[in-house]
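S.K.: Using the sequences and the hints, build the whole thing.
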Amino acid sequence: MDMHMMKMSRVATEMHAREALEKAKAVQPKLNAMVTFCEVDEQLENLKNIDTNAKLYGMPIVLKDNINTKGILTTASSNILGNYIPVYNAHIVDKLQAAGAIVIGKTSMDELGMGGTNLSAATGPVYNPYDLNRISGGSSGGSAVMVSSGVVPFALGTDTGDSVRKPASYNNIIGVKPTYGRISRYGVIPYASSLDHVGYFTRSVRDAALALEVLAGRDDRDMTSSYLPVEEYTAKATGEVSGVKVAVIKNIMDMASDELKTQTNTLMEQLRAKGAVVEEVTMNEDLLKACLAVYFVISNCEATANHSNLDGIRFGVQYGENSYEDIMTKSRTAGFSTLIRKRFVIGSFGLADENQERLLRKAQKVRRLIVEEMHRVLGEFDAIVAPASLHGAPLLDATSDQLSLEYLIAENYMCMANFSGDPSMTIPYATVEGLPVGLNITCSAFNEAGMFNLAKAIEDVTGLCDVVKEVL
Amino acid sequence: MNKYDKEFLRKLANQLMFDMTDEELENVQAEFVVLEKQLELLEAINTDGVEEMIYPFEAPTSFMREDEVDNVLSVEDALKNAKTARQDFIVLPRVVK
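Protein chains in written order, with numbering that gives the first Met the number 0: chain A, 0 to 471; chain B, 0 to 96.
Quick caveat, the hints were computed from the structure, so don't treat them as lab data. None of the hints are false.
Computed spacing ranges between beta-carbons, pair by pair:
1. B:Leu72 with A:Glu21: 34 to 42 angstroms
2. A:Glu379 with B:Glu67: 43 to 51 angstroms
3. B:Asp4 with A:Gln27: 39 to 47 angstroms
4. A:Glu379 with B:Gly48: 19 to 27 angstroms
5. A:Leu43 with B:Asp4: 54 to 62 angstroms
6. A:Arg313 with B:Lys2: 33 to 41 angstroms
7. B:Leu72 with A:Arg17: 30 to 38 angstroms
8. B:Thr60 with A:Asp325: 38 to 46 angstroms
9. A:Glu324 with B:Glu35: 31 to 39 angstroms
10. A:Glu258 with B:Phe62: 47 to 55 angstroms
Under the rule of at most 25 angstroms between Cα atoms (straight-line distance), these lysine to any residue pairs were calculated in the SDA-like manner:
11. B:Lys82 with A:Asp325
12. A:Lys288 with B:Val32
13. B:Lys5 with B:Val32
14. B:Lys5 with A:Ser399
15. B:Lys5 with B:Glu39
16. B:Lys79 with A:Ile84
17. B:Lys10 with A:Arg360
18. A:Lys288 with B:Leu40
19. A:Lys244 with A:Glu268
20. B:Lys5 with A:Asp400
21. A:Lys249 with A:Thr261
22. B:Lys79 with A:Asn78
23. A:Lys288 with B:Asp47
24. A:Lys47 with A:Glu21
25. A:Lys329 with A:Gly123
26. B:Lys2 with A:Glu353
27. A:Lys273 with A:Gly462
28. B:Lys82 with A:Thr35
29. B:Lys10 with A:Glu356
30. A:Lys94 with B:Asp76
31. A:Lys249 with A:Glu410
32. B:Lys2 with B:Ile44
33. A:Lys260 with A:Val466
34. B:Lys10 with A:Asn354
35. A:Lys249 with A:Val276
36. A:Lys94 with B:Arg64
37. A:Lys244 with A:Glu372
38. A:Lys329 with B:Gln14
39. A:Lys235 with A:Asp465
40. A:Lys260 with A:Leu389
Yeah, the Cβ is synthetic: ideal placement off N, Cα and C, and Gly gets one too.
M.R.: Encoded structure:
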């Protein structure tokens with residue numbers, strides 16, 4: 000059942016939250032998606048002070064483990080935070096609980112958010128409900144599979160490159176990354192501050208719209224948070240797309256298999272039948288090819304600086320004893336995996352005076368050109384769309400987080416919306432070799448209402464609403 | 000010295016206050032080979048006269064907040080996650096023996 004339909008008595012609500020917690024525990028041996036299961040008794044008691052008409056009243060939810068929860072272990076799936084108990088809630092946790100949500104657990108992720116497979120989590124890989132031999136995708140993999148497998152209708156993630164939208168594609172659910180600044184990041188462990196967004200997963204467009212009504216809004220504790228009013232996204236997501244102009248990225252369609260092309264073309268024909276104006280658009284190929292490099296350089300440079308506070312002294316797991324240098328070095332060596340330390344070395348290389356012009360500054364200049372190219376298209380169209388991936392989730396033993404040039408454009412282009420800050424989401428629509436693949440939609444900044452409206456039209460024609468892949 | 004020399008990379012790691020094994024450093028060297036190919040794609044793009052884009056939105060903040068105490072972390076909370084705390088301080092090994 001999706002969440003907007005859940006208006007039930009207090010007793011039923013309590014049962015529902017407890018059932019969700021039990022189901023989360025039951026699927027754990029198969030999916031390995033949870034880092035921590037939360038106690039719900041106190042939260043259910045607190046519900047007595049919440050209006051039963053609150054938007055998420057009694058809703059069981061899970062949070063990615065980089066979102067600070069007061070008194071609850073928050074590891075970001077890294078050993079260095081293996082004992083970290085936050086003393087405050089992230090802004091969004093307070094908002095969700097004020098809206099009646101019940102947090103039943105914290106979910107696995109790529110270590111510190113720095114990956115796209117969920118293979119780097121300290122608690123091991125997360126498995127895909129559609130094929131347990133395949134990855135969940137990352138970095139918000141645990142949250143994605145909890146929604147996909149029907150444990151919860153709504154889960155929080157974060158998206159720095161495509162960390163919500165790619166796992167959404169692999170798991171046949173909706174993944175939303177709103178406009179930069181639309182949701183406060185206060186209390187969310189950062190990765191790369193100029194690219195980081197809070198995002199989330201649902202199984203219906205209406206729920207995606209409702210979730211943003213709860214999550215969005217100004218927070219003085221996040222300087223990048225927007226003052227723009229929060230809209231009634233649910234009311235505006237009617238699926239009426241007459242005259243809506245949609246650009247399909249031709250560069251990506253050219254690389255798609257016939258199987259995926261056929262399904263994409265069928266969907267576009269259905270949108271045309273609803274009155275939408277759909278055209279293929281070619282974007283600058285050199286700029287698309289540069290997306291991964293821009294992302295890799297900027298994100299690693301920013302991460303190197305952001306994670307310098309993980310020292311094993313003020314919080315986190317501590318090793319060493321002879322001196323503060325000994326403590327820091329041993330704590331950081333043991334606390335970060337090889338992959339993360341490797342990324343930090345690359346980030347440090349890019350930040351070094353002699354390399355900054357060639358790496359970081361160059362990447363930041365190309366970032367501007369990529370954003371200008373996006374805005375050229377968004378100046379003529381209401382939305383840019385393309386498959387979120389050319390294939391379903393890869394097999395566990397056939398993928399890694401090593402830097403790769405394979406499928407350079409099609410598998411890495413979604414970080415454009417992190418460069419620009421524009422809202423972007425993935426919605427189920429196709430299968431390739433029997434595995435789900437989502438469609439990515441990107442609109443202009445703060446036009447989430449338009450994005451959800453187009454998504455609703457797509458959901459209406461595909462019928463892929465509230466799809467659950469049970470694993471029990 | 001090769002710019003991706005193992006000892007140079009080890010120095011970068013140590014500056015960031017962690018160690019890497021020889022095997023890990025060889026892995027970093029291999030990644031730099033791929034990164035170089037990526038950088039070639041960046042270098043192929045003419046950025047003459049283009050300003051760096053640091054953040055998605057570039058509207059300047061033109062106001063200052065009121066100088067009011069808000070959102071304070073108590074000393075007790077601030078010390079809760081430290082391994083060793085005494086009185087109001089986090090305790091580290093002596094620097095001067």
